[in-house]
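Undergrad: Residues per chain are reported as follows:
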Amino acid sequence: MGKSFYSRREFLKRSAYGGAVLFSAPWWARGFLDFMPGVEVKKRGLPFVDHFGIPPEDIAKVIGTALARGGDYADVYFEYRVFDRFLLEEHKVKTASQGVSLGAGVRVISGEKTGYAYTEELTLDKLRQAADTAALIAKSGGKVVKVSLMEEKIPSRYQIMFPPAEAGVDERLSFLSQADEVASAYDPRIKRVIVYYEDELRFIEIATSEGALIRDTQPMLRFIVRTIAEDKGERRMGFAGKGGRYGLELLKVHTPKEIAREAAELAVKMLDAKEAPAGEQMVVLANGEPAVLIHEAVGHGLEADFNRKKTSAFADRIGDKVATELVTVKDSGAFENLRGSINTDDEGTIPGDTMLIEKGVLKGYMYDKLSARLMRAKTTGNGRRQGYSFFPIPRMTNTYMAPGKHSPEEIISSVKKGIYAKSFAGGQVDITNGKFVFMAVESYLIENGKITAPLKDVTLIGDGPTVLTRVDMVGNDFAWDSGIGTCGKGGQGVPVGMGMPTIRISHLLIGGTRKGA
Amino acid sequence: MSELKELAQKVVKMAQRSGASEAECYAIEREEFEVEVRLGKVENLKQARRRALSLRVIVGKKVAINYTSDLSEKALATFARDAVAMARYMERDELVSLPDPSLYPKRIPDLSLYDPNIAELPPAKKIELAKRCEEAALSYDKRIVNSEGGSCSTSIGTVYLVNSAGFSGSYRGSVISISAAPVAEEKGKKQVDYWFSAVRDLSLLEKPEVVGRTAGERVVRKLNPRKVATKHVPVIFDPLMAADFLSAIFSAVSGSSVYQHASFLADQLGKKVAASSITVIDDPLIPKGLGSIPFDGEGVATYKKKVFDKGVLETFLHNTYTAKKLKAKTTGNATRGLTSPPGVGYTNFYLEAGDADPKEMIKSVKEGLYLTSMFGFGANPVTGDFSRGAAGIWIVNGELAYPVEEITVAGNMKNMLKEVEAVGSDLKLTRDIAAPSLKFAKLTVAGSG
Chain A
123 MGKSFYSRRE FLKRSAYGGA VLFSAPWWAR GFLDFMPGVE VKKRGLPFVD HFGIPPEDIA
183 KVIGTALARG GDYADVYFEY RVFDRFLLEE HKVKTASQGV SLGAGVRVIS GEKTGYAYTE
243 ELTLDKLRQA ADTAALIAKS GGKVVKVSLM EEKIPSRYQI MFPPAEAGVD ERLSFLSQAD
303 EVASAYDPRI KRVIVYYEDE LRFIEIATSE GALIRDTQPM LRFIVRTIAE DKGERRMGFA
363 GKGGRYGLEL LKVHTPKEIA REAAELAVKM LDAKEAPAGE QMVVLANGEP AVLIHEAVGH
423 GLEADFNRKK TSAFADRIGD KVATELVTVK DSGAFENLRG SINTDDEGTI PGDTMLIEKG
483 VLKGYMYDKL SARLMRAKTT GNGRRQGYSF FPIPRMTNTY MAPGKHSPEE IISSVKKGIY
543 AKSFAGGQVD ITNGKFVFMA VESYLIENGK ITAPLKDVTL IGDGPTVLTR VDMVGNDFAW
603 DSGIGTCGKG GQGVPVGMGM PTIRISHLLI GGTRKGA
Chain B
43 MSELKELAQK VVKMAQRSGA SEAECYAIER EEFEVEVRLG KVENLKQARR RALSLRVIVG
103 KKVAINYTSD LSEKALATFA RDAVAMARYM ERDELVSLPD PSLYPKRIPD LSLYDPNIAE
163 LPPAKKIELA KRCEEAALSY DKRIVNSEGG SCSTSIGTVY LVNSAGFSGS YRGSVISISA
223 APVAEEKGKK QVDYWFSAVR DLSLLEKPEV VGRTAGERVV RKLNPRKVAT KHVPVIFDPL
283 MAADFLSAIF SAVSGSSVYQ HASFLADQLG KKVAASSITV IDDPLIPKGL GSIPFDGEGV
343 ATYKKKVFDK GVLETFLHNT YTAKKLKAKT TGNATRGLTS PPGVGYTNFY LEAGDADPKE
403 MIKSVKEGLY LTSMFGFGAN PVTGDFSRGA AGIWIVNGEL AYPVEEITVA GNMKNMLKEV
463 EAVGSDLKLT RDIAAPSLKF AKLTVAGSG
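Quick mapping for you: the protein sequence lines, in order, are chains A and B. Our numbering puts the first sequence at residues 123 to 639. Our numbering puts the second sequence at residues 43 to 491.
Here chain B stands alone, though its shape is the one from the complex (with noise of 0.2 Å):
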């Protein structure tokens, strides 16, 4: 058994013989590579190894968490205790519990998380990686004459989860990921793009240059922007914004904001709440997915679910005590920190593809926006609004015509389901989040032209 798992395993008994009622300890080891390329060069190397624990101690419905990264023998003498006493001063919470034991796998599922080719690629492969990455997208257009970098880095970690109710369980997975981030110059004004690849299975790595040129060639498109007035116009989401946009209705449909009522969805199970052309997945159980987990951060058996099933909301998610604010059951999507309590989260959070093809797609647009970017904070998961800094191209007879930039895309995210014109049939689980094109019939896009 790993050291790390004996130490956890530790740690639960010597909260319980410090007073705990129930303890549980979450546990990490991960090694990490990462090598950053600029202009052909190797500009920076990381590698290191790191180890913590974080210990969950419930004391007669009285909850601390301790973490530590210091496992010397010193430090976790009195690291039960510590978080035991600590405990003593919180209030009760009634709702506070481990999860019924009956929720726990039988057996844990393997997944194929982790790849020992990745584990063992010798780090002149990553720098290669990298390099060849950075190179294919400096070579696409003359017009790329400088770089923020190719990069290459790997992951490969164990967590280990040892709970007072009987629950002993780890997993171990691998990521390899390379990007490039071209920099494009036309006219005295630049533009940044980027473009990566992530997987589990090295042998599923998209090939460096497709990474590099399709960097390119986004970078290349946002070159000589202008601006627009502003109007009220249909928007096509690219996969990317999509995604983008699905991860403001993760935060709605999250058992957390729900029960804090810090939700504009907090009462709409069972309704129909959009388009019925949207279904949502949450499905942890992909072999070799991004955010695939044979059991979530308490130990409960994960399973797929429809979140959004033709536009009616079928669950929201949870973990133990969300589910008991609301008087339903965990769904198995409880995350866990190293320094605080389990939170909820999504594994492989999609809206399933369409019928649309996006060409067509685009083609159905007089006068509207492709957009391509986003940035700033402006989806408010409580009130539903949705104001963002955005670029994007802008269609014009239904054709992709120029750059836009320094414009803003708004609506409320209750209409904006509701609104959906068309999905596209592009989607593609590059990440643990994703979504095919999207249309929506009308949005506000501010702008000074």
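Just chain A, same shape as in the assembly (with noise of 0.2 Å):
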């Protein structure tokens, strides 16, 4: 195993340990590494390394540059991503792509107003002409603003064990063939097989106009394997994934194999899928991965920026009941390691547990800088954006519902006639409608408390504050989605988690060809 041969990657050799600031998560919510048992190896937090090169009083400048024709805030992002990517497909590795992004962006805030501009040659000249140009969405006034800028101190959500820029290439290879030869050999009906591999480390350093200095470095790693299966004609797409803010310990316990295993059983299973009953039936949705049911649903209308607009279906809504008692939704970027957990969201505010709905009751909302400056609120630190080519916006981080009492087999035992959905392929949502659909790759019928058929790809349709209403069991069986989830908004994406236990949902249409709910 020999270092990774890019010597343009300066990752330190030695280690460090980052700070022990937690989140003590419920123990129904603890990421499974925790009781990885046997290793001895400790996790370490990476630690940043400046690939900017502006010092702390340079960027004072830009600053003051920002705020020189007025305004009320103003920052300066720096963001610098590595990224490795290998695709397997006809059982060869045929490509690895590799890439290096910087940039930093200016910001300046007047009012409800943003003006954002920024570049990809970080020099204090470059840096300055985009302060100016971001400056220009300020009337009047200007002062003279001197910032000192001070380093904050955060938390350390996604310490690793094995970072992926140490392995060597050919180690993280060997996992995309591992899955190709177990998904192959899964079944001979099992036709083609697609291994996807993808690690990065993103480092960012903000500096804002209330003096702090904020730096992180964010490890990201997913897997994902796609199968064909082919019978009769028929043909039938599976799908499995792992992915979060860890290092190749994430392949050890979830191997390339079991995902390859499950990509390759759910295609075949498929192919005796029939079509689904279309019309409104009772919903059995399964833990896990159907949680995008809470992000399409509930999540994007609980976004500050859409309810100080009032164009969200929730807007002007604290405090009304919107789900049933069963129902607490949260959005919190604390936990340890998930895709959506950042120990700071883009604009230096540390996230911490977000309260959204409580007991069925409409609590809060998810703000940003701004929204919460114009609302009057506090930033939840819910301010993200994809990267230095965009100002920050409301995105969530990982959004779940806190489970309840019901074990899983009591829920669907419960259901005389339904559909017992597993596995999604993602969703949409009209926050002003309120309207959202999100679609089951994997489902069966049940019947007199059964699972039986299994279902062609479903749509699920619902309007975002009914369907909570609908939860009539919520089960004890909480799990996080698979960590390769990514949320699409304003043309951005930002890598989000999701959970929830099996819930019953008392009725929701279903779209299909077939009359028959």
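Mixed in with the good hints there might be a few duds.
[Unchecked claim] Mimicking DSS-like on lysine-lysine, the simulated pairs with C-alpha atoms at most 27 Å apart in a straight line are:
no.	chain 1	residue 1	chain 2	residue 2
1	B	K173	A	K432
2	A	K637	B	K408
3	A	K485	B	K229
4	B	K52	A	K354
5	B	K460	B	K314
6	A	K443	B	K229
7	A	K248	B	K52
8	B	K470	B	K330
9	A	K391	B	K456
10	A	K216	B	K366
11	B	K470	B	K346
12	B	K269	A	K539
13	A	K248	B	K47
14	A	K538	B	K269
[As the list claims (entries may be wrong)] Examples of chain B residues lying across from chain A (beta carbon under 10 Å, computed):
no.	residue
15	K104
16	N108
17	T110
18	A125
19	A129
20	S181
21	R185
22	A308
23	L311
24	T414
25	N422
26	T425
27	Y444
28	A488
29	G489
Read the hints as simulated data drawn from the structure, not as lab findings. Quantities reported herein were computed from a predicted structural model and do not represent experimental measurements. Positions of the beta carbon are idealized from the N, C-alpha and C atoms, including for glycine.
Mind assembling these two chains? They're in different frames, but the hints should get you there.
TA: Structure below.
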């Protein structure tokens, strides 16, 4: 196992131990790696490496330029991203792609207005030009602002054991070939296997006109297997994956072989899939993946910008009952190692655990600095951006529903006639009228309390403010999703997590071609 | 010669010196501006210039790609070498290669993709366009009391492609777009909709007042929706929805889906798979076209082609690799992203207009759906299954009667292509993918009414 051969990657050879501020997670939501048996290797925080080369005194000058025409707040955001991707298909790792992206953006906020400019040339001169452009948003005034930047301590929520950059290329490639072997051999009807591996490090530095300097190093790992099974002219897809802010230890616990087996099994199982009966049905959602329901049904609708503008179906509804008492929904960037976890958001706020819906009552929204200021609230650390070419807007981190009392077996056996949905391909929402859809790629009929026939791709559609009033059973089997999800909003994508226990929804509309609900 | 073109050429040479058998560098530079206004006031203003380059190396039939937006000397010093070193870890893929030199254009056509008037439009003018657009939407109807905003954005960029087979080309383009997204409210329920205009020539931009008014019409049309019960009925896709359907069909005729057998049309080449009224064109050479390109993502000369001709599947769309996989020829449809190998894309992709008058199409439906919006990802190119969240206007006795929402529309694309009952005469090439109104004989509309 040699070191990575990239000379440009200056990852420190000595390990560093990050700060010890950990979020105390409820027992049922802990990452599985806390209980990894027999492993002696210590987890470590990844150190921040300065790829930007602009000393704090100079950054302060940039902030000064930004506020020279007026404005209430300014920040400078630096980002350096390094990634490796490998793609295997037709039994060969055919493509390796690696990349570096480097840039910085200056933002000025004046009242409700945001001015933003970015550059990929990190010199004091270019940064001041960007600051000047962003400053044009402020109409008048302007003062001499001299900021003194103090580095702020942040938590260490993504300690990892085996940083991918320290593993050789061969070791990482072996994950792909292992998965390919297992998926291809699973069943003669498996005709295609595609394996995708991606690791990334994102170094960010944020300096604000409030005097804060924040630095973070954010790892990310994703491993996905796709399969196609073919039989008697029918073709079906299978899919499985695993990811998060982990090192390669993730793939030692959730092995490529396991993931491959899951993907192959799904494709073959779906060969027998029948049309779903269209119309309203009772629906049981499995734990984990199906939490995309929460993300689409209420998540986006509770982002503060939509509520400030009153374009969301949840605007002006704090204090209203929007779900049954069984439902508690939160958003938290604080869980260890999850895909949506962050030590800091992309404007320097440390997110905690934000209560959104408590026992059915709407309690709060997810704020960034701008919406907090305009709505006289506190930022909840949800100001995120895809990269330096965007300014932050309210985004989710890890959005989840807390567990309840029932066992999943009780829930399924309570259903005389309905649908059990297990794996999802994503969803979409119109936050103004509240309608959302999400697509189940693995679902089954429930007949007399038992899971029976597999069903072809099922689209579920509902109304955000009402669907949670139909949740009449909540399980005790909380699980996070597989950690590979990306949320898109305003043309930018951010990595997010979601989780929930098994739940029962009294009725939800199923799209399909066959009448007979 | 531009700095970026020089850099691209240098990078290709460095790759060859490091041992690459073939090398291809794709580079872009772009100037972007975007302003969003809300309720008459500027809300966001964003501006930037970006540059990036991507190198694909083939080292003895092994491929690797390296990308960077850091163009400093330090970063580029090892850039080519790193790509070659990474390629050596890959496995040989005998079919990978740059296109044959005979396929490059002898002369790069000028498709009028760049309008200096867009480049020179001052920010104040762009802000004014956004404001006028939103204002027209807000004033359209008194039930429109809110707005997601109006916007104006411009993008001016140049694409460079240099490779070791002797191709070196570039083209510059400009786009300006405006939009409005008004919110209407009645009986405590809100709806949002939008309209836009995007063009490469400033003089062709739709008047902001027209864009705003159209957005207003569209949102008001959605107010007070009802639910419907599940039924099998005729469905008319409006032009935007027909284009959405066409994009799902594209996935099934893309060479990369086909060689992987991930398409329900994979073994249907040359067969009649659709109604005779279905002719689909991919035309990269339309002057000022939003999807037009003078050469594709591998430098191959581009040309107009019929993908479906009167219902017969004439050709798939290919790049060099997918063509080799299927023993065909590249159709000049290679796309080139910055962090991945060439893919396959459409250029200006449209369904030819038919004879049916769109108003007559609606009159012909006793009970059915006029589909105006879809969401969700339920178009599966592997199986042909089509199941999307939807909204539209219910047709009763040939008239648009009332809006409906919280429904799904489902069918299978294999059958849908054959069961197109009417193709409208209302084709407008307002985007890089377009279609006229389409009437499907029967689809399943699921609802909880």
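Undergrad: Are any of the numbered hints broken by this structure? If so, which, sorted upward?
TA: 4, 20, 21, 23, 24 and 27
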